Amino acid sequence: MIAALAGALAPAAQHYLLEARQMQALSFAFHIPLVCFGISFPAMLLFAEWLYLRTGDELYRTLARRWTRVMVALFAAGAVTGTILSFEMGLLWPGFTGTFGSVFGLGFAIEGFSFFTEAIFIGIYVYGWNRLSPRAHFISGIPVAISGISGSLMVIAVNGWMNHPTGFRLVDGKAVDVHPLSALFANSYFWHELVHMYLAGYMVTGFLVAGAYAVGRLRGHWGRYERTALAIPLAVATLASVAQIFAGDWNGRAVAENQPTKLAAFEGLGQTTKGAPIHILGWYSDGKVEYGIRIPKMLSLLAFHSTNATVQGLDAVGPADRPPVNVVRIAFQSMVGIGSLLALLSVVYLAIRIRTKRLPESRWFYLALIAAGPLSLVALISGWVVTEVGRQPWVVYHVMRTSQAVTGASGVPVGYGTLAAVYLGLAVGIGWVLVRLARAPLSEPS
Amino acid sequence: MQLYDLPLAFALIGLALYAVLGGADFGAGFWQLLSGKGKRGDEIRAHARHAMAPVWEANHVWLIFVLTVIWTGFPLAFGSIASTLAVPFFLAGIGIVLRGGAYAMREAAAGARWQRTLDTVFSISSILTPFALGTMIGAIASGRVRVGNPGGTLWTSWLNATSIEVGVLAVATAAYTAAVFLSGDAERHGDHALAERFRLRALGAGIAAGAVATVGLVVLHSDAERLFHRITQGPGLPALVASLLAGVATLALVWARRYEPARYTAALAVAATIVGWALAQNPVFLPGLTVRQAAAPHDTQLVLTIAVAAGAVLLFPSLALLFRLTLGGQLGHGELRGEVAQVPGADWHPGGTERRLAGAFLIGGAGFLTAASTGWAHAIGVACLFGFVICGYRMALPENLTDDAD
Ligand code: HDD
Ligand code: HEM
Ligand code: HEM
Numbered sequence: 000m001i002a003a004l005a006g007a008l009a010p011a012a013q014h015y016l017l018e019a020r021q022m023q024a025l026s027f028a029f030h031i032p033l034v035c036f037g038i039s040f041p042a043m044l045l046f047a048e049w050l051y052l053r054t055g056d057e058l059y060r061t062l063a064r065r066w067t068r069v070m071v072a073l074f075a076a077g078a079v080t081g082t083i084l085s086f087e088m089g090l091l092w093p094g095f096t097g098t099f100g101s102v103f104g105l106g107f108a109i110e111g112f113s114f115f116t117e118a119i120f121i122g123i124y125v126y127g128w129n130r131l132s133p134r135a136h137f138i139s140g141i142p143v144a145i146s147g148i149s150g151s152l153m154v155i156a157v158n159g160w161m162n163h164p165t166g167f168r169l170v171d172g173k174a175v176d177v178h179p180l181s182a183l184f185a186n187s188y189f190w191h192e193l194v195h196m197y198l199a200g201y202m203v204t205g206f207l208v209a210g211a212y213a214v215g216r217l218r219g220h221w222g223r224y225e226r227t228a229l230a231i232p233l234a235v236a237t238l239a240s241v242a243q244i245f246a247g248d249w250n251g252r253a254v255a256e257n258q259p260t261k262l263a264a265f266e267g268l269g270q271t272t273k274g275a276p277i278h279i280l281g282w283y284s285d286g287k288v289e290y291g292i293r294i295p296k297m298l299s300l301l302a303f304h305s306t307n308a309t310v311q312g313l314d315a316v317g318p319a320d321r322p323p324v325n326v327v328r329i330a331f332q333s334m335v336g337i338g339s340l341l342a343l344l345s346v347v348y349l350a351i352r353i354r355t356k357r358l359p360e361s362r363w364f365y366l367a368l369i370a371a372g373p374l375s376l377v378a379l380i381s382g383w384v385v386t387e388v389g390r391q392p393w394v395v396y397h398v399m400r401t402s403q404a405v406t407g408a409s410g411v412p413v414g415y416g417t418l419a420a421v422y423l424g425l426a427v428g429i430g431w432v433l434v435r436l437a438r439a440p441l442s443e444p445s
Numbered sequence: 000m001q002l003y004d005l006p007l008a009f010a011l012i013g014l015a016l017y018a019v020l021g022g023a024d025f026g027a028g029f030w031q032l033l034s035g036k037g038k039r040g041d042e043i044r045a046h047a048r049h050a051m052a053p054v055w056e057a058n059h060v061w062l063i064f065v066l067t068v069i070w071t072g073f074p075l076a077f078g079s080i081a082s083t084l085a086v087p088f089f090l091a092g093i094g095i096v097l098r099g100g101a102y103a104m105r106e107a108a109a110g111a112r113w114q115r116t117l118d119t120v121f122s123i124s125s126i127l128t129p130f131a132l133g134t135m136i137g138a139i140a141s142g143r144v145r146v147g148n149p150g151g152t153l154w155t156s157w158l159n160a161t162s163i164e165v166g167v168l169a170v171a172t173a174a175y176t177a178a179v180f181l182s183g184d185a186e187r188h189g190d191h192a193l194a195e196r197f198r199l200r201a202l203g204a205g206i207a208a209g210a211v212a213t214v215g216l217v218v219l220h221s222d223a224e225r226l227f228h229r230i231t232q233g234p235g236l237p238a239l240v241a242s243l244l245a246g247v248a249t250l251a252l253v254w255a256r257r258y259e260p261a262r263y264t265a266a267l268a269v270a271a272t273i274v275g276w277a278l279a280q281n282p283v284f285l286p287g288l289t290v291r292q293a294a295a296p297h298d299t300q301l302v303l304t305i306a307v308a309a310g311a312v313l314l315f316p317s318l319a320l321l322f323r324l325t326l327g328g329q330l331g332h333g334e335l336r337g338e339v340a341q342v343p344g345a346d347w348h349p350g351g352t353e354r355r356l357a358g359a360f361l362i363g364g365a366g367f368l369t370a371a372s373t374g375w376a377h378a379i380g381v382a383c384l385f386g387f388v389i390c391g392y393r394m395a396l397p398e399n400l401t402d403d404a405d
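Protein chains in written order, with numbering that gives the first Met the number 0: chain A, 0 to 445; chain B, 0 to 405.
No lab work stands behind these hints: they were computed from the structure.
From a predicted model like this one, the values you see are computed outputs, not experimental measurements.
For every residue, glycine included, the Cβ atom is placed at its ideal position computed from N, Cα and C.
Among the clues, some could well be false.
Covered stretches of chain A, as calculated for chain B (at least 3 residues, CB under 8 Å) [said to hold, decoys possible]:
(1) 33-40
(2) 177-185
(3) 428-435
One side of the interface only, derived from the structure: several residues of chain B facing chain A at Cβ under 10 Å [stated by the list, open to error]:
(4) Ala107
(5) Trp254
(6) Ala255
(7) Tyr392
The whole structure should be built from the sequences, with the hints applied where relevant.
What follows is the structure, encoded as structure tokens:
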């Protein structure tokens, strides 16, 4: 009886699976950049405030207070876009949530508590600037920084589980023998994502914030305040960029071990090959990459540390089980390309900073810095496209197809269009708020 | 009582808290819309906004909490509800986005015209969202959501007498609790004139909510007979009586300007309604699906219960702190209080040690992550990478940037 009920939920006739996927992608593409600020901005703010407490220099206080206003706006937007995501678990993917909620749901339930902590202490921190003693105020910010990190830990644990599902058995379309704790946390396949995402959070926030002050510099705003405000996020972003290269390489090998088809899609490797090459740029068609710059044996070396290792190609699975190769591949190349460029920029910056003990003088550096923020965003979204689209057609890897997870309700395109319109408005609104905050005169009490 | 009753109870507690706390936020938005023009209107809007500014995000998380507990503890029911009631669920989501967006922009907006527009968006979405969520409860309560993807019709499942009734009731109680809370807040700030204006609103909204609730019983009688009988004669009766008494008591307290106790009776009235619904509907979750059948396996219920209990230990003290500070007027815009810590001339210079350490950590991190392939080696590698970032953080210390030489 119960099995029959569960079966009633799984397969649905949905003409608009693609729209549903795009709606999910749109929602993520909006939430995740905001969340980067949730992960790393509180730490930067607290750092500035800590400097204020140590030195009593009003400059740091002004800095922290102005950043606080940015944080409030972005946090509110992060919270509502996150709410949409949790609605979409049911609105778009009831087959998925209805079948596996018992396995992965715990992660989100725990995450709920870190949202609580974050929302509560953000309320105290933001509205306590003038009212609490400086020390109490500083302390009230610490839970915000911690919960920004723990919140994303839980979501990524869920994502790790989707990529490497364990902790249950599937009988007649129903999850039995469910062990949520081991499914989420004994799963070794999410740590690489977590580390990579944290570093990405620091990169995105750091480069975007530093980039804003770089714009100011080109316009002639370059006092003590602006230099400080640029140096703090820039230091974080550049250090994270250097570390990111190694984390990214680790991610690649984790994928190579566990999701060979995804790896094959990264590189457009049609056939299983011994001593597989990589191609830079180019276009995948008919089982091979055309027009790319070929580097022989490199894939085997990178993925398995041996030039003669055999790498499984896309032909190992049937065409219905392959992800859309070019989407994944282009996204992957963009991420790695941007990651490498940003690491290069970072090394240049760190060298100058250590050598001369000052910020770079060159106008080119600041132009590059302005580009770095949006580029890191592109890398971030590309990375998630790599992970999520690379897992297709599966929503739970080798267990449930996305087409089995999707809702049977009609009207998906209408929802997609509405959400797109609302998000466009939200994006414009946030942009406008940020510009206004940036233009507010320094002396104005926030 | 079974283990799976606990998560269900948690979800209901969460729902009740959302209805009270989140409801009060929605209601504050409602009063912003009906505040009228001119200076008096501005005062009402400002009061409603300031009173909820520090708490609205925390209040809003209760909804997320309810959703996650249900989809973990009762996934099949969640899937069926969400796909059947896709339209109101989506509308509620859009309402939440618009509300949050308007709020975020309002904080930075200058210029009366923009503020007015944003306030209007805020208020309208503050009505749309509780209405949509209310229609969902009405749909479940009147048995219009069955198991399936979707398990009911797209429109009539939530556009029917019971749904609309519950939707309107949700808006009315939100307005009522908000007015009660806001009178109390105004009184605490010593603004008696403002308190008086919200008092009148509370009385009006209280009577309106009572009327809507009474109509609700009539609607249930014709539209959801099982529920009606179980509320008026069966297990739901005590809760119904409690809700009625608390509602009347609130009116009386507000009448007597005893706002602080009125806060609690108002909350009780709302919570009792939800409890009454749950008791009357139990053990049926959806038609043909009992709570037991809907429940996730035992292990899930167990860890979910433990997780929520552990979370509550963290949550409630934090919430208490937030509300104490808010009600005590310690959060908001105002003058700096307390001493400024002065530690002049603290001198650190990014010494060679840090730089060398950062370098060593980077090499270590790269080595352990890249060359090794076991879990523990990766763990060390990750630790090294973070060590690199932390040691390198000295680079951020702007002490040699703060001279105005260049
Ligand atoms: C600022 C952002 C950023 C940058 C510069 C990079 N990445 Fe990345 N990457 C991400 C942001 C990101 C991400 C958005 O955060 C992802 C999505 C899933 C995840 O865990 O991280 C990701 C995923 C991801 C995956 C897929 C993991 C999976 O499916 O489990 C691989 C293989 C890489 N990355 C590899 C790299 C390499 C080799 C980089 C070299 C420079 C790199 N990334 C730079
Ligand atoms: C938990 C339920 C989830 C479901 C059902 C789901 C499913 C999907 C689907 C179907 C897509 C669209 C893929 C495509 O366009 O082909 C997608 C995209 C995406 N998912 Fe997931 N996913 C889930 C969870 C997550 C989690 C936990 C994360 C991150 C931690 C995540 C990150 C993303 C991102 C970033 C995209 C967007 C890719 C783009 O921009 O195109 N997903 N997801
Ligand atoms: C299926 C995927 C996801 C769901 C259901 C989801 C849900 C949510 C919700 C409901 C909130 C709002 C909390 C509040 O009201 O305060 C939120 C915020 C947040 N989410 Fe997500 N989220 C998802 C994906 C992600 C991803 C991919 C990350 C990061 C890796 C992430 C990290 C965060 C963080 C740090 C916040 C804090 C709010 C902020 O700083 O803006 N979430 N999320």
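### Query
What are the numbers of the hints that this structure violates, sorted from low to high?
When the structure is compared with the hints, numbers 1, 5 and 6 turn out to be violated.
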